[in-house]
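**Q** Next come the chains, spelled out residue by residue.
2 protein chains.
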Amino acid sequence: MAIRYPNGRKYTPINNADSSVKKKIHKEPSYSNRGKTLEDEIDEANKFYLANQTAVIHKKPVPIQIVKVEYPSRSAAVIKEAYFRTPSTTDYNGVYKGHYIDFDAKETKNKTSFPLSNVHPHQINHMRAASAQGGICFLLVRFSTLSRYFVMPFDIVDQAWTAMDSGERKSIPLTVFERDGIEVKESYMPQLDYLKALTTLLPIL
Amino acid sequence: MAIRYPNGRKYTPINNADSSVKKKIHKEPSYSNRGKTLEDEIDEANKFYLANQTAVIHKKPVPIQIVKVEYPSRSAAVIKEAYFRTPSTTDYNGVYKGHYIDFDAKETKNKTSFPLSNVHPHQINHMRAASAQGGICFLLVRFSTLSRYFVMPFDIVDQAWTAMDSGERKSIPLTVFERDGIEVKESYMPQLDYLKALTTLLPIL
Numbered sequence: 019m020a021i022r023y024p025n026g027r028k029y030t031p032i033n034n035a036d037s038s039v040k041k042k043i044h045k046e047p048s049y050s051n052r053g054k055t056l057e058d059e060i061d062e063a064n065k066f067y068l069a070n071q072t073a074v075i076h077k078k079p080v081p082i083q084i085v086k087v088e089y090p091s092r093s094a095a096v097i098k099e100a101y102f103r104t105p106s107t108t109d110y111n112g113v114y115k116g117h118y119i120d121f122d123a124k125e126t127k128n129k130t131s132f133p134l135s136n137v138h139p140h141q142i143n144h145m146r147a148a149s150a151q152g153g154i155c156f157l158l159v160r161f162s163t164l165s166r167y168f169v170m171p172f173d174i175v176d177q178a179w180t181a182m183d184s185g186e187r188k189s190i191p192l193t194v195f196e197r198d199g200i201e202v203k204e205s206y207m208p209q210l211d212y213l214k215a216l217t218t219l220l221p222i223l
Numbered sequence: 019m020a021i022r023y024p025n026g027r028k029y030t031p032i033n034n035a036d037s038s039v040k041k042k043i044h045k046e047p048s049y050s051n052r053g054k055t056l057e058d059e060i061d062e063a064n065k066f067y068l069a070n071q072t073a074v075i076h077k078k079p080v081p082i083q084i085v086k087v088e089y090p091s092r093s094a095a096v097i098k099e100a101y102f103r104t105p106s107t108t109d110y111n112g113v114y115k116g117h118y119i120d121f122d123a124k125e126t127k128n129k130t131s132f133p134l135s136n137v138h139p140h141q142i143n144h145m146r147a148a149s150a151q152g153g154i155c156f157l158l159v160r161f162s163t164l165s166r167y168f169v170m171p172f173d174i175v176d177q178a179w180t181a182m183d184s185g186e187r188k189s190i191p192l193t194v195f196e197r198d199g200i201e202v203k204e205s206y207m208p209q210l211d212y213l214k215a216l217t218t219l220l221p222i223l
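So the protein lines, in turn, are chains F and B.
Read left to right, the first sequence gives residues 19 to 223 (the working numbering).
Read left to right, the second sequence gives residues 19 to 223 (the working numbering).
It is worth saying that the hints were derived from the structure and are not from the lab.
It is possible that part of the hints are untrue.
Identical copies go unnamed one by one, so any copy, or any two together, can satisfy a pair.
What the hints assert, rightly or not - SDA-like mimics (lysine to any residue), calculated; alpha carbons at most 20 Å apart, straight line: (1) Lys129 with Arg166; (2) Lys214 with Gln71; (3) Lys98 with Thr180; (4) Lys65 with Ser106; (5) Lys77 with Ile142; (6) Lys86 with Asp173; (7) Lys98 with Glu201; (8) Lys65 with Gly152; (9) Lys214 with Ala150; (10) Lys65 with Arg103; (11) Lys115 with Asn143; (12) Lys65 with Pro105; (13) Lys65 with Asn143; (14) Lys115 with Gly152; (15) Lys188 with Pro90; (16) Lys203 with Ser165; (17) Lys65 with Ile142; (18) Lys54 with Pro208.
Start from the sequences, fold in the hints, and give me the full structure.
**A** Shown next as structure tokens:
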């Protein structure tokens, strides 16, 4: 299959005012996150949740197609040739208070909207299927330049995605995040307490 | 909240002498599975469940520590040095009728018992944590030589594991699988309909 992930992602031009889109992961330190990547922040939260028996949520390993492995004597097996594969699911899933949790983490430098080019069709399909089974699916989006984080329920993302398919929309405005999502405010432990935000949004939890 | 298994059932050791333990994965074809590996059979079932909107269950990728990646021009990135890492979870998870499902697949050539040396401490710890969150955890065990498959609830495995820690037991007898697990009978589509067996065992599903 496709072997471009994660570095060869196709770039889809955006034909509106949001064309200053960056597809690279934001690595620069901002004031609040002190140089941590979004993945680091989520891993830290997940470790905290696990240690405190709040939830069991893990990042899935990056899928790799292994072509050649060598077995040096008295040493661990060494993979000498392998390729990145396109994942068929989101990156994170687990269980929280009896609920199946499934999400992907996304980052943009854009200050006014989240470009849907950051989301892949297989991720949409996966979250549709998991939602249909009663899973709780969402995106955890970091607006890096603004140092703002949002939990955005999948059904809102799916609506924007479907609209995009008919040419109406190519990004989700920040104002929609403010209205339909829930902002993850910086916390103490864990710093990125995204499950607390999720619980606020979905009182069923 | 956490334990969904029928109450009052306890793991009881059965004293069959059993030391002819095999740890290696069984690769030879047997009559009924026509040479498929257990992983192939589960993948086939999971694809069927996904296509028929029965459940969304995926195998997690093998975790890899990537050390060196090259980027040949006009080609996909090539991983030139990487190592296998120990997984911190089980191999399979997903969502089924609103329930978080989490299991590992195990195989033994042994005809009378399942050696607990096939199970790793990190898998036990993970399933304990996921069970405590209300997840449905189990082992899917194939007795290769017998061509028999069982869904074994994690609480039974955990009781046997704890007993092992105090030196009392090093395997779970087949008779305990017959009594406390549920056999997965060969089906048509999918051939290994393990969720049907799970539903039989746990009528709450």
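**Q** If a hint holds in the structure, say so; if it doesn't, say that too.
**A** Status of the hints after comparison with the structure:
Taking identical chains as interchangeable, the C-alpha atoms of Lys129 and Arg166 lie at most 20 Å apart only when both belong to the same chain, with a minimum of 10 Å there against 58 Å between chains. In this homomeric assembly, Lys214 and Gln71 come within 20 Å of each other (Cα to Cα) only inside a single copy, at 14 Å, whereas the closest approach across copies is 30 Å. For a Cα distance limit of 20 Å, the shortest separation of Lys98 from Thr180 qualifies neither inside one copy, at 42 Å, nor across copies, at 40 Å. Within a single copy, Lys65 and Ser106 get their C-alpha atoms only as close as 24 Å, which misses the 20 Å cut-off; across copies the closest is 12 Å, which meets it.
For a Cα distance limit of 20 Å, the shortest separation of Lys77 from Ile142 qualifies both inside one copy, at 18 Å, and across copies, at 19 Å. Neither within a single protomer nor between protomers do Lys86 and Asp173 lie at most 20 Å apart by alpha-carbon distance, with minima of 42 Å and 39 Å respectively. Proximity of Lys98 to Glu201 under the C-alpha cut-off of 20 Å is found in neither arrangement, the shortest distances being 43 Å within a copy and 41 Å between copies. Taking identical chains as interchangeable, the C-alpha atoms of Lys65 and Gly152 lie at most 20 Å apart only when they sit on different chains, with a minimum of 18 Å there against 25 Å within one chain.
With identical chains, the CA atoms of Lys214 and Ala150 are at most 20 Å apart between copies only, with a shortest distance of 19 Å across copies and 23 Å within one. When the C-alpha separation of Lys65 and Arg103 is checked against a cutoff of 20 Å, the pair qualifies only between copies, where the shortest distance is 18 Å, while the shortest distance within a copy is 26 Å. In this assembly of identical chains, the alpha carbons of Lys115 and Asn143 lie at most 20 Å apart only when taken from different copies (18 Å versus 25 Å within one copy). For the identical chains of this complex, Lys65 and Pro105 are inter-copy neighbours only, at 15 Å across copies versus 23 Å inside a copy, given an alpha-carbon limit of 20 Å.
In this homomeric assembly, Lys65 and Asn143 come within 20 Å of each other (Cα to Cα) only across copies, at 14 Å, whereas the closest approach inside a single copy is 28 Å. In the homo-oligomer, the alpha carbons of Lys115 and Gly152 lie at most 20 Å apart both inside one protomer (14 Å) and across protomers (6 Å), since each shortest distance falls under that limit. Taking identical chains as interchangeable, the C-alpha atoms of Lys188 and Pro90 are never at most 20 Å apart, the minima being 50 Å within one chain and 32 Å between chains. Taking the closest pair of Cα atoms, Lys203 and Ser165 come within 20 Å of each other only inside a single copy of the chain (10 Å); across copies the shortest separation is 54 Å, beyond that limit.
For the identical chains of this complex, Lys65 and Ile142 are inter-copy neighbours only, at 17 Å across copies versus 27 Å inside a copy, given an alpha-carbon limit of 20 Å. For the homomeric pair Lys54 and Pro208, the shortest alpha-carbon distance inside one copy (13 Å) is at most 20 Å, but the shortest distance between copies (45 Å) is not.
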